[in-house]
Amino acid sequence: MPPIDYFRTAEETETYEAGSVIFEANEIGKSMYAVRSGQVAIVLYEQEVEVLAEGGLFGEMALIDNATRSAKAVAKTDCVVVPVDKNRFLYLVHETPTFALQVMQIMSERLRRLNEQLK
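All letters in the sequence shown, in the order written, are residues 257 to 375 by the working numbering.
Just so you know, these hints were derived from the structure itself, not from any lab. Any given hint could turn out to be false.
Subject to a maximum C-alpha distance of 27 Å in a straight line, what follows is the list of computed BS3-like cross-link-like pairs (lysine-lysine) [stated by the list, open to error]:
#: 1; residue 1: Lys332; residue 2: Lys342
#: 2; residue 1: Lys328; residue 2: Lys342
#: 3; residue 1: Lys328; residue 2: Lys286
#: 4; residue 1: Lys342; residue 2: Lys375
#: 5; residue 1: Lys332; residue 2: Lys286
#: 6; residue 1: Lys286; residue 2: Lys342
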């Protein structure tokens, strides 16, 4: 099951217009997000490093390591996202090991992609 399927029926959503900042780098993160519709750009040092579409997850690192946000998230188009707080995230990790593996895979893919960009 794709990670977005865990959040398709979530009632709580947030809507952002294109260009709106969802969160800034160095902010304390209390939620991760799943993209329900539209696109979200991840911006690091004023450079767009990734664009996420429906089904994409972002902001998960702050829930895992309790550090501040490492990048900025900006609505690239009008978008709807599902916020996932730490309690819900930990519940999913505990009750659905497949979800935990999917999050690890996403983080690993991002790290590898950034490593390639630095070469």
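Status of each hint after checking the structure:
Pair hint Lys332 plus Lys342 holds up; C-alpha atoms about 25 Å apart against a cutoff of 27 Å. Straight-line distance between C-alpha atoms of Lys328 and Lys342 comes to about 19 Å, which keeps the hinted pair within the 27 Å bound. Proximity of Lys328 to Lys286 is assessed by CA-CA distance (about 14 Å); at most 27 Å being required, the pair is judged to hold. This hinted pair does not check out: Lys342 and Lys375 have alpha carbons roughly 34 Å apart, beyond 27 Å.
The hinted pair formed by Lys332 and Lys286 meets the criterion: a straight-line CA distance of about 22 Å does not exceed 27 Å. Only pairs whose Cα atoms come within 27 Å are accepted, and Lys286 paired with Lys342 is accepted, the gap being roughly 7 Å.
The structure shown violates just one earlier hint, number 4.
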